[in-house]
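*Asks:* Can you build the whole structure from these sequences, using the hints too?
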Amino acid sequence: QKEVEQDPGPLSVPEGAIVSLNCTYSNSAFQYFMWYRQYSRKGPELLMYTYSSGNKEDGRFTAQVDKSSKYISLFIRDSQPSDSATYLCAMSVNTGTASKLTFGTGTRLQVTL
Amino acid sequence: EAGVAQSPRYKIIEKRQSVAFWCNPISGHATLYWYQQILGQGPKLLIQFQNNGVVDDSQLPKDRFSAERLKGVDSTLKIQPAKLEDSAVYLCASGGARLAGGHQRITDTQYFGPGTRLTVL
Numbered sequence: 001q002k003e004v005e006q007d008p009g010p011l012s013v014p015e016g017a018i019v020s021l022n023c024t025y026s027n028s029a030f031q032y033f034m035w036y037r038q039y040s041r042k043g044p045e046l047l048m049y050t051y052s053s054g055n056k057e058d059g060r061f062t063a064q065v066d067k068s069s070k071y072i073s074l075f076i077r078d079s080q081p082s083d084s085a086t087y088l089c090a091m092s093v094n095t096g097t098a099s100k101l102t103f104g105t106g107t108r109l110q111v112t113l
Numbered sequence: 001e002a003g004v005a006q007s008p009r010y011k012i013i014e015k016r017q018s019v020a021f022w023c024n025p026i027s028g029h030a031t032l033y034w035y036q037q038i039l040g041q042g043p044k045l046l047i048q049f050q051n052n053g054v055v056d057d058s059q060l061p062k063d064r065f066s067a068e069r070l071k072g073v074d075s076t077l078k079i080q081p082a083k084l085e086d087s088a089v090y091l092c093a094s095g096g097a098r099l100a101g102g103h104q105r106i107t108d109t110q111y112f113g114p115g116t117r118l119t120v121l
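As you go down the protein sequences, you meet chains A and B in turn.
Under the numbering used here, the first residue of the first sequence is numbered 1, with each subsequent residue one higher.
Under the numbering used here, the first residue of the second sequence is numbered 1, with each subsequent residue one higher.
Honestly, I wouldn't trust all of these hints.
[Claimed, not checked] Think about it this way: if two alpha-carbon atoms lie no more than 27 Å apart in a straight line, the pair counts; the simulated DSS-like pairs of lysine-lysine are:
#, chain 1, residue 1, chain 2, residue 2
1, B, 62, A, 100
2, B, 83, A, 42
3, A, 56, B, 83
4, B, 44, B, 83
5, B, 11, A, 2
6, B, 44, A, 70
7, B, 83, A, 2
8, A, 100, B, 78
[Unchecked claim] Which residues of chain B face chain A? A few of them, derived with a C-beta cut under 7 Å, are:
#, residue
9, 10
10, 41
11, 42
12, 43
13, 88
14, 91
15, 109
16, 113
17, 115
[Said to hold, decoys possible] Label pairs and their in silico Cβ distance ranges:
#, chain 1, residue 1, chain 2, residue 2, range
18, A, 112, B, 40, 20 to 26 Å
19, B, 85, A, 55, 38 to 44 Å
20, A, 16, B, 10, 35 to 41 Å
21, A, 16, B, 84, 42 to 48 Å
22, B, 2, A, 67, 32 to 38 Å
23, A, 73, B, 109, 18 to 24 Å
24, A, 82, B, 12, 29 to 35 Å
25, B, 85, A, 42, 31 to 37 Å
26, A, 113, B, 52, 30 to 36 Å
27, A, 53, B, 41, 25 to 31 Å
28, A, 26, B, 59, 16 to 22 Å
29, B, 52, A, 12, 43 to 49 Å
For the record, the hints were derived by calculation from the structure and aren't laboratory data.
C-beta: ideal position from N, C-alpha, C; glycine also.
*Replies:* In structure tokens:
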């Protein structure tokens, strides 16, 4: 069993839709949860960073962490064609300079006009 | 501010040949990471440097892969000899403590470069 599971998609939605992306994990020691966006032929860029359980909102993006269920989500409201990319969840036990990220496989999202 | 620089962007070699990748991290970042991202998968950590010392290289195939970070700045990752299964994107990331306006600020975020796409034929 992988430490982090993520549905690879692809997920296709119409412009303006609400998108829900999810990851599950098995290591209860994970405390720091991140979502990265990766455009084709580019490196990942950090979208959201949360610590422990709870919600965090940033513009059209909301990250949720449910540590009791070992389940994290990223919601994208009013999706745009420019949101078309691969979304990677990542997690770590520690923070700071010793942090080691474990990534999911990524979910490919396509937002159509 | 300049991001993480990597070169070359693309490389095609035949199996059993050798190849080297170069990374220049964000100025002042103490930590440097090399990841391997196989098509359809998430990045997998190969090696992590703190300044010029190795913190974690547990997933680096040491029989064929090597990496160094001289003077705690630039880094090179080498594969010798390459195998077909080494075809992937090699990502460099940097993070960690950096100076900002004379104050020490710890940065947890890993900033990724554009990657080098390696094809082994």
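*Asks:* Please go over all the hints and tell whether each is borne out by the structure.
*Replies:* Structure-based check of each hint:
{"no.": "1", "hint": "B:62 - A:100", "result": "holds (19 Å)"}
{"no.": "2", "hint": "B:83 - A:42", "result": "holds (24 Å)"}
{"no.": "3", "hint": "A:56 - B:83", "result": "violated (43 Å)"}
{"no.": "4", "hint": "B:44 - B:83", "result": "holds (17 Å)"}
{"no.": "5", "hint": "B:11 - A:2", "result": "violated (30 Å)"}
{"no.": "6", "hint": "B:44 - A:70", "result": "holds (21 Å)"}
{"no.": "7", "hint": "B:83 - A:2", "result": "holds (25 Å)"}
{"no.": "8", "hint": "A:100 - B:78", "result": "holds (22 Å)"}
{"no.": "9", "hint": "10", "result": "violated (9 Å)"}
{"no.": "10", "hint": "41", "result": "holds (5 Å)"}
{"no.": "11", "hint": "42", "result": "holds (3 Å)"}
{"no.": "12", "hint": "43", "result": "holds (5 Å)"}
{"no.": "13", "hint": "88", "result": "violated (13 Å)"}
{"no.": "14", "hint": "91", "result": "holds (6 Å)"}
{"no.": "15", "hint": "109", "result": "holds (5 Å)"}
{"no.": "16", "hint": "113", "result": "holds (5 Å)"}
{"no.": "17", "hint": "115", "result": "holds (5 Å)"}
{"no.": "18", "hint": "A:112 - B:40: 20 to 26 Å", "result": "holds (22 Å)"}
{"no.": "19", "hint": "B:85 - A:55: 38 to 44 Å", "result": "holds (40 Å)"}
{"no.": "20", "hint": "A:16 - B:10: 35 to 41 Å", "result": "holds (36 Å)"}
{"no.": "21", "hint": "A:16 - B:84: 42 to 48 Å", "result": "holds (44 Å)"}
{"no.": "22", "hint": "B:2 - A:67: 32 to 38 Å", "result": "holds (37 Å)"}
{"no.": "23", "hint": "A:73 - B:109: 18 to 24 Å", "result": "holds (21 Å)"}
{"no.": "24", "hint": "A:82 - B:12: 29 to 35 Å", "result": "holds (31 Å)"}
{"no.": "25", "hint": "B:85 - A:42: 31 to 37 Å", "result": "violated (23 Å)"}
{"no.": "26", "hint": "A:113 - B:52: 30 to 36 Å", "result": "violated (49 Å)"}
{"no.": "27", "hint": "A:53 - B:41: 25 to 31 Å", "result": "holds (27 Å)"}
{"no.": "28", "hint": "A:26 - B:59: 16 to 22 Å", "result": "holds (18 Å)"}
{"no.": "29", "hint": "B:52 - A:12: 43 to 49 Å", "result": "holds (46 Å)"}
The structure shown violates the earlier hints numbered 3, 5, 9, 13, 25, 26.
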